[in-house]
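Undergrad: Residue numbers (UniProt numbering), protein chains in the order written: chain W, 1 to 644; chain V, 1 to 644; chain U, 1 to 644.
What the hints contain is simulated information worked out from the structure, not anything from laboratory work.
Among the clues, some could well be false.
Claimed, not checked - Stretches of chain U that chain V covers, calculated by requiring three or more beta carbons in the stretch to come under 8 Å of a beta carbon on chain V:
| # | segment |
| --- | --- |
| 1 | 130 to 139 |
| 2 | 381 to 390 |
| 3 | 432 to 442 |
| 4 | 494 to 503 |
What the hints assert, rightly or not - Reference excerpt, derived from the structure (chain W facing chain U, CB under 7 Å, subset only):
| # | residue |
| --- | --- |
| 5 | E515 |
| 6 | A525 |
| 7 | L633 |
Note that this is a predicted model, so its numbers are computed, not measured.
Beta carbons: idealized from backbone N, C-alpha and C, even for Gly.
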Amino acid sequence: MLGVCYYPEHWPEEIWAEDARRMAEAGIGVVRIAEFAWARLEQAPGVFDWAWLDRAIETLAAQGLKLVLGTPTAAPPRWLVDLHPDILPVDRNGLPRLFGSRRHYTPASPAFIEATRRIVTAMAERYGNHPSVIGWQVDNEFGCDDTIFSWGPLDRAHFQNWLKVRYTTVDALNAAWGNDFWSMAVSDFAEVELPTRQVCDINPSVQLDFMRCRSDLFIDYFRLQAEIIRTHAPDRFVTHNFMGFSHTFDHFEMGRQMDVASWDSYPLGRIESLPFAEGERNRWARTGHPDVTALQHDLYRAVGRGRFWIMEQQPGPVNWANWNAVPERGMVRLWTWEALAHGAEAVVYFRWRQYRKAQEQMHAGLLRPDHAVSAGGKEAVRVAGELARLGDLPATTPAPLALVFDYTAAWVTQFQPQGKDFDYRILKLRWYEAFRRLGIDVDIVEPGASLAGYRLVLVPTLPILSEAALKAFEETDALILFGPRTGSKDENFAIPVSLPPGPLLQKRLPLKVAEVESMRPGLSAAVAGTVSGIVTRWREVLETDLDPLARFADGAPAMVAAGRFHYLAGWPEEDLLESVARHLLASAGLPVLDLPEHVRLRRRGDLTFAFNYGPDSFALPVAADKLLLGEPLLKAYDVACWRT
Amino acid sequence: MLGVCYYPEHWPEEIWAEDARRMAEAGIGVVRIAEFAWARLEQAPGVFDWAWLDRAIETLAAQGLKLVLGTPTAAPPRWLVDLHPDILPVDRNGLPRLFGSRRHYTPASPAFIEATRRIVTAMAERYGNHPSVIGWQVDNEFGCDDTIFSWGPLDRAHFQNWLKVRYTTVDALNAAWGNDFWSMAVSDFAEVELPTRQVCDINPSVQLDFMRCRSDLFIDYFRLQAEIIRTHAPDRFVTHNFMGFSHTFDHFEMGRQMDVASWDSYPLGRIESLPFAEGERNRWARTGHPDVTALQHDLYRAVGRGRFWIMEQQPGPVNWANWNAVPERGMVRLWTWEALAHGAEAVVYFRWRQYRKAQEQMHAGLLRPDHAVSAGGKEAVRVAGELARLGDLPATTPAPLALVFDYTAAWVTQFQPQGKDFDYRILKLRWYEAFRRLGIDVDIVEPGASLAGYRLVLVPTLPILSEAALKAFEETDALILFGPRTGSKDENFAIPVSLPPGPLLQKRLPLKVAEVESMRPGLSAAVAGTVSGIVTRWREVLETDLDPLARFADGAPAMVAAGRFHYLAGWPEEDLLESVARHLLASAGLPVLDLPEHVRLRRRGDLTFAFNYGPDSFALPVAADKLLLGEPLLKAYDVACWRT
Amino acid sequence: MLGVCYYPEHWPEEIWAEDARRMAEAGIGVVRIAEFAWARLEQAPGVFDWAWLDRAIETLAAQGLKLVLGTPTAAPPRWLVDLHPDILPVDRNGLPRLFGSRRHYTPASPAFIEATRRIVTAMAERYGNHPSVIGWQVDNEFGCDDTIFSWGPLDRAHFQNWLKVRYTTVDALNAAWGNDFWSMAVSDFAEVELPTRQVCDINPSVQLDFMRCRSDLFIDYFRLQAEIIRTHAPDRFVTHNFMGFSHTFDHFEMGRQMDVASWDSYPLGRIESLPFAEGERNRWARTGHPDVTALQHDLYRAVGRGRFWIMEQQPGPVNWANWNAVPERGMVRLWTWEALAHGAEAVVYFRWRQYRKAQEQMHAGLLRPDHAVSAGGKEAVRVAGELARLGDLPATTPAPLALVFDYTAAWVTQFQPQGKDFDYRILKLRWYEAFRRLGIDVDIVEPGASLAGYRLVLVPTLPILSEAALKAFEETDALILFGPRTGSKDENFAIPVSLPPGPLLQKRLPLKVAEVESMRPGLSAAVAGTVSGIVTRWREVLETDLDPLARFADGAPAMVAAGRFHYLAGWPEEDLLESVARHLLASAGLPVLDLPEHVRLRRRGDLTFAFNYGPDSFALPVAADKLLLGEPLLKAYDVACWRT
Ligand SMILES: [Zn+2]
Ligand SMILES: [Zn+2]
Ligand SMILES: [Zn+2]
């Protein structure tokens, strides 16, 4: 199903009906509305104006369109902030961040919680049983613009309370954080400072706990809204639109509170915001990187326990990256099909029509400001036609390979990179890419989730490895590859007494990481043996009696295995990753298909999709008469689909 | 006429007479004094000490030197700031910027306005009719060090009042700013926040209005002083010394309040502060870029409606750039002649003698701290001799080509670059340079000014295009070339409903900009046709029935024309610019002269000047006997002048 | 003697005895303890707990280990900060820096001084006469993390008082600072602002005085503690562990209050923190630069007037640089021997055992967290054995060459770089390196110290040159080479009236620096004559009748001499430095030995040591039977020693 984001409050009411008609005609099935409209819905505490929204909803519903309602809590109105200035988030220097954009609140503010209850309850009561309203989106893009954090008095008090629950006594807190170091001990939870503006290094244990605390706070805030909605809106799904490649709270944990996950897909902006080399940025500037978006699809399919939507799909150039390219013609269609191939239930374009004013005026829509259909809009219409022709897509089936993704791993490596370029986002992307280049579908799983049925499991790194995670590793028959830093910390961010990979994993992998080295750009270490290539950024010195599969030039083990359990003692560059991937896939009996840099496959049930991210054609291994979409010679920026 | 800046308060009174004598001997005709001397002139509110300044003025006047008095308001004394701490400007974080340098005030402070009235009135009363005082400089370098902005409570109140005048009602304000977006509506002007410390993007409409408000505030502040001076100092000119390449307020608008414009010319520092590539920086490190200073001369000739001075001329190495080179021998003379060739009425060197102490101690003067004449001082003396030999220079005559320069264009592209390197300063410089390389003189004009008599008009970009501007374009016979983003915004920073270039220009140029793309460094688009080359940084997709003069590789129009009106749909690199320039000059019937990268010409009345910015000689197209200055083979860093 | 830093408070008391036994067994002779333990020693004002420390000391002493006690003042406890929040340092924006790491105090706080007296007195009373306690370390790494500075009200008041002492009257202050410039005059010391958050440039005279003031403040703070300790701990040495390459206070001045200097040696981290080119960083990433550490040894030998310790020696990878390499095998031993060769009395490794928790958990120790001996630990044991074999090392004898190092030179060039890359740390390193590459030992001396006995004296720069300094230059027979900017400022940071190098040096070197130029990267100036090569970054135009030893391409003097006094008018690149070094060494009759980039020599008494920082062997000019350590073919990362 295709959809659009629509803001009736931006447009004269006279054109709503025409908009609705054009949506239906274009093959749009669902419309997201009302997020950000708080000021229009509530003019003073408890003083509501629903009339305009009633009319907007009826106008859309009259065309058979289904609706997803967004709660407007990402945009607290001016009067609310004036009544309760402590709603405003506070920056690292203790200065309030001001009204005039969005997400200007901290959920640690009781006044904001109260205001949230009021608007969400009123909205859910009014529209909960509307037959056209099929789902609800809570708030918008938690964490955008560093808004998980706030450093005010309410946030400090909340952190102190959170710590009291976690540790019960200050002695336990002091022990967990190693507060005998540098005389940092506290004698009361009320003495705990937020981790900001310390004179020198901040204790990573404190940073990790503060991150956990803020993650919990937003998960609670989601749950608060979800519970209100469920009370008044039975049988409707509740979701939140996650930002991809954002790690500032635990999406898996919040996902468990949802019926379906959703995320906002802007493939081109990621080219600028992820730490790619310039050459790689230029290469994918108008297409997006072939694996970046796909990885997020696979992640949010896991977050939604099999169900996910694209709640915002880039339809053309946007406004917020350092440079904002026009997508190559065909890419809006390709991105849409790719989302569907990875299992998306719906792809909702952001936005119906480009708005001429305010912050996002340079963000394209399916319509231009002059009401004409944009280039991206034409591609969306084409997809709608193709979708209608193909009918219902089959259910997604599990991939042969699982990649373990962990928010805590992102936090640990962020707070203690040890080497400036140890970036978890890039690490997992490279592992994912290596296997996708060999034609393999990948499932993303969280640590502790069942790994039954997988042939191969990848763990790029998992610094804090729980009993539950170990159990899942033990109970699968899959080959498992652990990357560096796995098991390198206990749950309080301390090094295990038995050294990494820690007592749990050492039961299966009898080795110790005796020393670690982060390598500056320009340094590397060659690896040779069953696998070969080079390691950069990070290298470990292993102490083990295991016979190495490969060694560093100085003879030290680079990769070892004990039965199904493999360990790689460094950050693998492309050649080594490919070598490792081929070895593991062969060992697991999985066939490989060598794909060029710009082509990717993805199966959904009995359908196989192919995507071409480059200007060069690629001959697909399939006959023309089998194809449901596309041609055997997959053209530039084109999509193909066949039944297997 | 040549002049110097002189600070008698820095030197023992015993040497003033000798200084005056040496000035006269060196050929200096005018001296700027008294700016920054507030603390010496007023020791407490209304308690003045004029005696020392009286003596200094008489000492200089006794040598026949003319005087320009600077009002000292750029340097509020300590006691004033202590009496009224709200005079201090406030930074973006809401923290006051402190006493201890200069420009530490916001004109939004009523106390500062009061203090300004007192000192300026007293000074103008005392010296207004002094026969040697020929002019007044108000304050010093408005905007230096980010001092147009201040973010305190007085500034916020001032902005709110300014908005009340502009919009009358909050409904109008909300509509203009698109405040239905993200629930940003206000219900009272007092609710408007300054554009700082918002959580994410700031509305560009707000930023533009705040910039306009601050620009108006400083223009009003200038006018306040100018009116006081005019009351007490009849027939003296009033000016302000603008900083070149500074766009933080509208110099044209302030210029209208002046009798003559003036600006401070530091050619070497600009090499570091403009975003040039390193190679270009190295090439011009000891000469300055051949077009950067020239463009400013042409700009301030327009700002002063034909009349401008150089109020501060770099006489040697300075102190404030990242690196501070010694000018190539000859450059101080060359810069002086270039200013005169562009129409400057006077060139005032900053400063007479290098001061051994405080912030600017590494800034050269015409004299060294040991009282000897500096290298630059010797070149000034040489110019003085040459000037005496040549006699009065003829009046400046209009150039064949006008380049439209717009402060609002600078603001719009700054607040919404859309591509990180879309820099208006560079854009207009490159267009200017391309035509100067072909030997063409350029006039700078503001939008809406008459274009009568020009053969060619360049509009590198003009995002907000007014009725008045259109009228001027319509009423000239010149060919006009509009660059990308012209007409892309209405006066409130919204995209026109009819898409760029907007309804006004679309009357003449029937086209729509359907899509825009900013291109990261490394990306480009080839253009071929009547003109050819490449486009970088910015490209537009045009929708038009016009037959393109040139197309992009994908067939889309790159340059189109409808009669005299031409439009270029991208940021032209050097080759394309040259190609466009040759086409337009040929079409306009203007002859070209191919100049090497380091040589430039400039006419003043019937005189033609030639300047050599490089180490290689250049054979001038003129016979030796015609030359008033220099030789037919123009040597390194040399100047020539002949009558045409 | 070898030692370790030990924190009994981090470890269960049960293992202390075993730790002590293992230390003794490993050849460790001395243990530093108690620094940072304030919270464990004093739980409330005047409420002490000594029992645990008593037991720790006895346990160590029982193994014959000697002790250095650290006063714990770098780590004020939470309760102290809560009682007196004005202890916290204040950042440049006026915001307090918070509890939660270390060094969170300003000595301008009377409450902190009081608390310091209390804890230091109590500690000195208790342990002052303990027979195993041989010395005391005051506080820890003054200046770490920008903690010399604090910008709060107490700091401002302290600065004002300091100025009153220095200048007596505000007139003198105004004159010294040139406060007639920009109306900056004050009429009372209480009006002086700290040099922060001014609108534009800050007066360098103010910055220099504030730096001097803070330097004095910390020297006084050291003296306060030293006096208390000396009262109660007769015949014990008092020291402080300086941070190398840290210039934020005058180490010579503080050193005069000490019995022995000490410093903390982390060779690998410096590779990242000094402004080296990437190639140089990669080359020495796992060894450290061959001269960086050596220069510090020579410096602190001077600071300690012949006596110095390494109080913290890097034993493996650390945690705090951008990247943290594993030292090449052998380097921990090499670094230790190098310290000893330069005269260190003891090398104390930081730390005994890697701590699993808190900020420094990734910092290696001699033991790993699993209690096994680390790679570095094994090298320390090897050195202990070698040391035992060699017996007492001879006393250090003076080098033939002295390099004048001046903290004020660091401050002047920092506050007025004039060229962005004029970095005093690099300048003096390059001069030092050039002579060490020719096999010459170097003594570091402060300006004014006797230069008797030296054959050659290097002064890379000395902007403020005192009468005492001149006297020392006059009273030696050595050849002296002065670098650029020498004598360029008077004691108040003003340019001398007679121009640089100022009236004192001009008595010996009749020249004037008429102009200076800082050159951006990419610019250079060739020098030819008796010496040749190129100058970058900085060039001076000399006015002199002296016959130049070498000239710039434009004929201007590049190097001149008047008798023993030589002057170099630019920043010499490697080739020019080598040329200058060979000329001076030949003139001084000192023999040279061409060493490759990676090999260095150092004499201690009649012993000569050789160090190999690279992977390639080097044939030493010594027979095998003369060698006390190593072989004639000096292997990679190896050390040799022979008697001369
Ligand atoms: Zn295997
Ligand atoms: Zn044309
Ligand atoms: Zn010599």
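Undergrad: If a hint holds in the structure, say so; if it does not, say that too.
TA: Against the structure, the hints:
1. 130 to 139: Violated: only 0 residues of the segment 130 to 139 of chain U have a Cβ under 8 Å from chain V.
2. 381 to 390: Our answer is that it is violated, as 0 residues pass the Cβ test (under 8 Å) against chain V, missing three.
3. 432 to 442: violated (count 0)
4. 494 to 503: It holds, with 6 qualifying residues against the three required.
5. E515: 5 Å, holds
6. A525: It is violated, given that the least Cβ distance between A525/W and chain U is near 10 Å, above 7 Å.
7. L633: 45 Å, violated
Hints 1, 2, 3, 6 and 7 from the earlier list are contradicted by this structure; the remaining hints agree with it.
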